[in-house]
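**Q** Each of the two chains sits in its own frame; use the hints to bring them together as a complex.
Top line first, the protein sequences correspond to chains A and B.
For the first sequence, the working numbering begins at 1 and goes up steadily by one.
For the second sequence, the working numbering begins at 1 and goes up steadily by one.
Simulated from the structure, these hints should not be mistaken for lab results.
Ranges of calculated distance between the beta carbons of each label pair, as one might list FRET restraints:
hint, chain 1, residue 1, chain 2, residue 2, range
1, A, 192, B, 290, 28 to 36 Å
2, B, 60, A, 75, 46 to 54 Å
3, B, 60, A, 81, 39 to 47 Å
4, A, 352, B, 198, 29 to 37 Å
5, A, 303, B, 130, 48 to 56 Å
From chain B, some residues computed to sit far from chain A (all C-beta separations above 10 Å):
hint, residue
6, 80
7, 85
8, 88
9, 105
10, 127
11, 197
12, 198
13, 222
14, 251
15, 274
Examples of chain A residues toward chain B, derived with CB under 10 Å:
hint, residue
16, 65
17, 152
18, 232
19, 332
A virtual CB, placed ideally from N, CA and C, is assigned to each residue, including glycine.
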Amino acid sequence: MPRKVRTRNIVNQPLMSLDQKPDPSTPLSAPAVTNFVAAAEPSATEMPPSPIRQFLRTRGSGGGADRVFAAVMLLCALSIFAIVLFILWILIDRSRLSLAQFGFKFFKSSNWDPVSGDFGALPFIFGTLATSFLALAMAVPLALGVAIFLSELCPAKLRAPISFVTELLAAIPSVVYGLWAVFVLVPVMRDTLGPFLSKYFGWTGLFEGFNFGQGMLTASIILAIMILPIISSITRDIMLAVPNSQREAVLALGATRWEMIRTGVLRNARIGIVGAVILGLGRALGETMAVTMVIGNRPEIAKSLFAPGYTLASVIANEFAEATGDMYLSALIEIGLALFIVTIIVNAIARGLVWAVTRGAPARAH
Amino acid sequence: MSTNPFHTPPPAIDSASGPPSRKPQSNWIRINNARRYAVNHVVTALTILSTIIVIMPLIAILVYLLYMGTRSLNLAFFTHIPAPVGEPGGGMANSILGSGVILGLASLMGIPVGIAAGVYLAEFGRGTLLGAAIRFTADVLNGVPSIVMGMAAYSLIVIRQRHFSAFAGGVALAIMMVPTITRTTEEMLATVPHAIREAALGLGVPKWRTVLSVSLKTASPGIITGCMLAFARVAGETAPLLFTAFGNQFWSFKLSEPIAALPLQIYVYAMSPYDEWHRLAWAGALVLIVMIMVAVTLVRIYASRGMLKGAS
Chain A
1 MPRKVRTRNI VNQPLMSLDQ KPDPSTPLSA PAVTNFVAAA EPSATEMPPS PIRQFLRTRG
61 SGGGADRVFA AVMLLCALSI FAIVLFILWI LIDRSRLSLA QFGFKFFKSS NWDPVSGDFG
121 ALPFIFGTLA TSFLALAMAV PLALGVAIFL SELCPAKLRA PISFVTELLA AIPSVVYGLW
181 AVFVLVPVMR DTLGPFLSKY FGWTGLFEGF NFGQGMLTAS IILAIMILPI ISSITRDIML
241 AVPNSQREAV LALGATRWEM IRTGVLRNAR IGIVGAVILG LGRALGETMA VTMVIGNRPE
301 IAKSLFAPGY TLASVIANEF AEATGDMYLS ALIEIGLALF IVTIIVNAIA RGLVWAVTRG
361 APARAH
Chain B
1 MSTNPFHTPP PAIDSASGPP SRKPQSNWIR INNARRYAVN HVVTALTILS TIIVIMPLIA
61 ILVYLLYMGT RSLNLAFFTH IPAPVGEPGG GMANSILGSG VILGLASLMG IPVGIAAGVY
121 LAEFGRGTLL GAAIRFTADV LNGVPSIVMG MAAYSLIVIR QRHFSAFAGG VALAIMMVPT
181 ITRTTEEMLA TVPHAIREAA LGLGVPKWRT VLSVSLKTAS PGIITGCMLA FARVAGETAP
241 LLFTAFGNQF WSFKLSEPIA ALPLQIYVYA MSPYDEWHRL AWAGALVLIV MIMVAVTLVR
301 IYASRGMLKG AS
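One chain only, chain B, in its complex shape (with noise of 0.2 Å):
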């Protein structure tokens, strides 16, 4: 192997008459060498090893999931409310209509909000000292444990109503949406060209106008996709609503009163000392996986569909 052939003079010289004190340097040289590659190989490997540890859990997660949900999973699940205990069937009705309810009141919040600060930050605020600091407290905020956020809902209106509410679990969820939905806006709004924005404003176009109806509309399906994620993510979330939705055995519609959701429900079954309850549990686990997924993919597809694909 050779070494280093620019360190090495001419060859001309160099096979006429070799330089003895090289010989003791360049057997150094090769075994640093053989080390060196040794050493890219070990790394190598375990790099490759990490990456397969960390994806043997996930995959035990999805297939254990799939097999204990599908095998749990029957039409009483999205049809009846929970049974009382020692009783077979039952199911989650109530549960999945809950968590829509929720759901659909932080979406109304929380989504508003956010796309109208991502706005700010991405085309007034850009460069300036308060904008930096929103950004700044919008990653700050995203990092809060959501029990802090169920708490601070708590403290806030049930403390004040005297009682557990749906209005509650979706202020909390909504909070936890507006960081997450700012951020992806902005990133979103950053990467439309300013062409475009200049071309809107030099036809005499206001711009709140231009905001609308340029930057907004060509960033949507990126938009739509951060607003999917931030439903998603918060889809999952049982902290929050422990102590605002709190949970209820029976159909409820109205906001004011507790409400069953499907996290809650996952977390009380799985506690729960019944293999009927946990059976549901692996169920209900499985049906939201899968609704988020689906959620997601959904949006996804119709967003990228009919939308300014070329813009970005």
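Same shape as in the complex, but just chain A (with noise of 0.2 Å):
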């Protein structure tokens, strides 16, 4: 390009000119200056606008192409907006017809017949929070100890690998996950796991009925392993973000570490904590893949865990691509639509309570 060539001689030039405008006061570095511009501007001194000012005057000060490039990257940047928008117009408008005919009464319904077209998503909403309420509460003490090991207690050597390892955990695509659970998980559940429950905790009654392995159970343990990382890794990252000096404060009156990690750490850190754990919710609420391959899919509202049960988003992975008829497909719009809104709040929430710890945090001490 001709223009970078040309870019380097200004930047030769003017700088001498530049010197020389406040130099009469200081007649030592003038004639030096003088000398070496010479060649290109030899009355350089009496001319009242700047060499370098009429250069650039000629040129163009590259403004234009400067508004071009921040429009376009302004656009692009946009398009973040443009996408969540046109998400929720397409999937309002996509679903009008079943919006018009249930209402709210979609929400309150658990028929589900696409034959009489009859619509209610009621069993799904319910398979959706079981899940993954069942599976937050599996996995946040699990992954609050390993932040805490990690962050607090892991000697540097293990540190990196054992990171490592969780976040290779986030990595393993979901339907890798559910082949898993399809022909490990689910036997397990069947002959050990299953029988051992429904023997101690019978009584509860929630581990009652015929236990096929697939179910809400095996649901919500597949669901635990893969939200675990996403846990463990932010509060691990927040409680990094809890400056040093309380920890050191606290040990200096003489608490003992874990001590120091609860009030220290912890209490500092809760409200990111919270973060992570409603992302992890978002996460749960629309994990499809996995759920879908050892839920049982069937729009059920049982009080036992091993029984079947469907979720949102396992509803429209199974049965959308042969939806048949508008209804049928207006319905199954709507739970998409569901979905949208209600991870997106749950994500705004999650996202902003960990902004609020992070934010304004000091850079990690080394």
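**A** In structure tokens:
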């Protein structure tokens, strides 16, 4: 590009002529500069506008290119807004039929009958909430333990490999988790864990009925495994953002390490940890493939955790491609709309909380 | 065990006339301390235990996957298209190609937009309300379930075209890539020291040129890694492809036709009742994970070599 060369040239020349302007008061440096520039501009000192100004004026300031560049970047950034609004608009538009037909009753009715055209999403909402919260109940204590271990207790040598392994968990595709769950977790549930639970905890009423191996509990376990890495890695980051002075202050008062973690770290990081948990909840609500493969896919509301269930995401995954009839399709899209809005809200809350903690936090102390 | 040396009176007085009232208190402190240390040890043990519990399933999954995958992998897997039910053999060659096509398409659309949006956030929108809003929206969009993206692509493209297509799959995955890439690009650009930018601007280089040749170039290893991570995340996605790319049992090269994809094929085969297909599903899962890992590591190695390392 010739432009590049020209840029270099102005850089060399005008710097000197700029020096010249205030120079007359200090005669020592003036001759040297004039000599240097003499070849290019013999009478630079007399000219009212400096050569660099003139040069730039003839060349243009490049402001136009800058403005175009900034506009293109802004456009791309705005496309993120556009994507969200577009998804919202198109989902509302396509589900208009079902929105008009069922109204709010859609979320209270538990009929799901594509043949007669009667649709209600309650079993799916129940399945989604039950599996997600069960998964959270299993994952959160473990994730907290891992985060505390990694950020506070772990010997430095082990820290990198363990974080690597937990982040590897996040890189495994959902369908591979599902595959593993179908061929390993389901038999274990059916033959080992399930009978054990119904024998010793059957009195709670949660582990009754026939145990197929597939069901809400299996789905929750695989969900818990999947959301663990995200909760633990964000929690760890938040705990590392707590300034070291807090830890030192508590330790100096004679606290044990756990007391230091509890009062110095966890108490400071609690809002962020709640954010991380909600973020995990968002992930669990929308998780599709692995859950679809092991939950049993039956639109029922059962008390027993062994019973098959259905979630919002898995009903879409199973039935959307084969849905016949406008009402059926529109009901499925309305489920998608509900999922979209709920995850947006959950994620917004979570991000807000995480930001509130990590923003303004001092850079990680090394 | 001396409890708190700073709270005891000076030793001279202490040894000469030990205050009798201190005895029960120090006993209490001793019991309390024993309890505190016990709790400390219990909690430490619990955190170690939970770390082990978390790492166990991962190792179980990886080991089992390696075992089942290598057992069922053969050359035919990479060269043949799926065999009809009941016939032995067959492979997923068309799915591997299809995944490549869809991912290439998604990267082509998603990466430039994502990087540009990241550049806006880091170089133009820092500290502005609009920048904060876009950053927040990107984070929120990142958490939207992938199946909703598939639904949007379906409503946008498939309904209009009246048939499933590779293009629709590419769009769905591209939408998923944008927010991830935007945020990593922004974070990487934020690590570029201001002095470098100011040096370029001070030399009279226009801003667009500064961004392209100085900021982006300095941050490029991190940005490439971020793109690869987004790519890896999207490569394993099944849900958005279910009703956009749809899958195909045969070779397909056209963007306007349904196309096979590796994760889709794994899903279909895993849910089938045939052992032969289960075998292929495991082989497919192994190939998928190995391909993702190899792609990520290769690009990471390439990106870290010959680039400005000491810049950040």
